[in-house]
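There are 2 protein chains.
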Amino acid sequence: MFDRQEFLKDLISPNNSKIVMLVMDGIGDIPNEDGLTPLQKANTPNLDALVKESDLGQTIPVLPGVTPGSGPGHLGIFGYDPIKYQIGRGILEALGIDVEVGEKDVVARGNFATIKGDIIVDRRAGRPSSEESAQIVSLLNDKIKQIEDVKITFYPGKEHRFVLKLTGDNLGDKLEDADPQKEGKPIKYTQALDESSEKTARIVNKLLDEIKNVLKDESKMNFALFRGFSKYPDIPNFENVFKLKAAAIAVYPMYRGLAKLVGMNVVKTGQTVEDEFKTLKEKWNDFDFFYVHVKKTDSYGEDGNFDNKVKVIEEVDKALPLLLELNPDVLIVTGDHSTPCLMKGHSFHPVPLMIKAKFTRKGLSKAYNEFECARGTLGTIYAIDVMPLALAYSGRLEKYGA
Amino acid sequence: MFDRQEFLKDLISPNNSKIVMLVMDGIGDIPNEDGLTPLQKANTPNLDALVKESDLGQTIPVLPGVTPGSGPGHLGIFGYDPIKYQIGRGILEALGIDVEVGEKDVVARGNFATIKGDIIVDRRAGRPSSEESAQIVSLLNDKIKQIEDVKITFYPGKEHRFVLKLTGDNLGDKLEDADPQKEGKPIKYTQALDESSEKTARIVNKLLDEIKNVLKDESKMNFALFRGFSKYPDIPNFENVFKLKAAAIAVYPMYRGLAKLVGMNVVKTGQTVEDEFKTLKEKWNDFDFFYVHVKKTDSYGEDGNFDNKVKVIEEVDKALPLLLELNPDVLIVTGDHSTPCLMKGHSFHPVPLMIKAKFTRKGLSKAYNEFECARGTLGTIYAIDVMPLALAYSGRLEKYGA
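Heads up: the sequence lines are chains A and B, in that order. Numbered per our numbering, the first sequence spans residues 15 to 416. Numbered per our numbering, the second sequence spans residues 15 to 416.
Please note that the accuracy of each hint is not assured.
Identical chains share a label here; the pair holds if one copy fits it or two copies do between them.
What the hints assert, rightly or not - Simulated crosslink set (DSBU-like; lysine-lysine; CA at most 35 Å straight-line): (1) K413 to K179; (2) K172 to K159; (3) K413 to K257; (4) K413 to K199; (5) K257 to K196; (6) K220 to K413.
No lab work stands behind these hints: they were computed from the structure. Predicted model only: the values in this text are computed from it and were never measured.
When you get a sec, could you build the whole thing from the sequences and use the hints?
Below is the structure:
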């Protein structure tokens, strides 16, 4: 597979300019009943003014037609091939609840389940509340601390979900899910898929028996299923690859985790977009590159809440002067994927992209939305090409060839 | 080479929705003297109404600048990498005249030629009529039925062309053309390019001598040249790859053959576009995916007949309500390549693409033509990305990554 990072390596020449990548999660949409997308509907004087100084385009997160999860969506805009680098479900789940994952750890997503005898009768244990579920997690942490020389830790998640962490030597992560996927099937023990994961499989299978024993008197949460066993992935370090000292400003743990995973410095921030932009100002002198993540455009897309998605865009627009007064050399406004309100979920549609910098073509557009971006001067490109463009517009990419 | 089919495999989840891919062969064009393309000139109220509900884009059949034959043009829109999968000239010629090609067969394109002594003096034997040529084919079938244990069959084609089929065990297809390519050169015997094709080469060379002997008294068609020895290609089955039960509705044998070659079910139909749409209705409940092929847009492009190309587009538009009343979940309107009337042949220009489905962005366009498609919300993509988009718009592609 052609590796852009490998190709760019010798062309990158650091300088002192500042790049801001503002990611409105799930920003791309399709028109609602009234024929407008949230970006079209929102009143965004600041974004509109930016358009006149910017180049527009749209990105394909992975491949045309492919709907990315948050992992591949972010890897793409961070300049990593989302097909080459895959992030296990266990890792993502762990990042999402702020679990520290070290080099010797294997993590997995856990589900509490209900069994009768050895048959799974409810894969979600009747959807317990997060509080109920956390009590069982606490019980497991009390009763099961170690198997052989491997430390066992459970972390509470939402409802029936939790995270399992195994810490020890020689733990591979190539093993089958310990989950029959369907109800009415018997308990499924895991199996190693390579030699280096045999110890992990043995520990997990012993753990299943211990969990069954500890929870035998529970009426609903009397067993657990495990999926997505994964170690912390071995990904080239963003700062080394792009020669950029990078800060991540994000409210939600999963996005802080994704940024940390590629090697960005996660900085503390508040709860609102304005808080995030203030953090940007505070840290302005300490970094070259800033990833700023706005979550709620995606959340309201997932909820199908068009009006609130519009409001979040307007909130970003209103706070934008705080960012603009810093006068970044390159400002990228984009998303990691589309989350159309009508679809209530991530989608495969291309993602709007705007790049404000000194040497842009500008173009004929007067608004930042899906349609103007589709006709923009940057064309339709892959998300993985956004970072090279960020470097180029910031004057960091030298001429290739004589 | 990155294999999209391999990548998509785990993401495809079948459902009951219906996809129609309407292929107007060679639909893309360039403006004629009056400044309009056939798509712009044609009166197409039904296509124009569709545009408002659709996403537009344009496809690159193979690579920018590469003009595809019908084989690679179709492989691309069928979701096969046209560089990875190549269809021999012999196979395409055989498909074009409805020759059944089995696993043990090697086929080649034949040309009747005129020789004097052992020198080729006319590579097309004075361009005989198809009737004259068919008589010689019949004579050869009478006189040459078998060489060693290999069955020999000749099938008449257009003018000086015919198809040769060898049927037997251990027949490889890696051999040189038995054709010196230029007139004034001596007869060229073939040569095996690998060990497994040595038997085929020996048979073909004996056959050349037998043909020369049988036709020694003919004045013009007294010899034959053979090109493109090929076996039926080993191509992953469309229905397995995309998990779609697929029907092909096409008037011309080559396109039925191409569809059969990837594993579609070829259904019987009539001669007109209206007939094809009626067949679509008849078979509506039996399949998930329908490839509907309109040939004459290409034929008139090849003839340089602008007005008739316009008329075929209008014929399609007029018949379109028959298709639309079936209410397909996804309707794709595209071509396999461009055939500009001014060029009188296939070209490398991008191909208009329209996708009508539930979750489209729609966009700002009001007509289906080369220019609106170039500005469409799908952007400029490769033909091989059309099938993934068809799956995505039909709700058959699951999210990639967590």
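Those earlier numbered hints the structure runs against, lowest number first: Every hint satisfied by this model.
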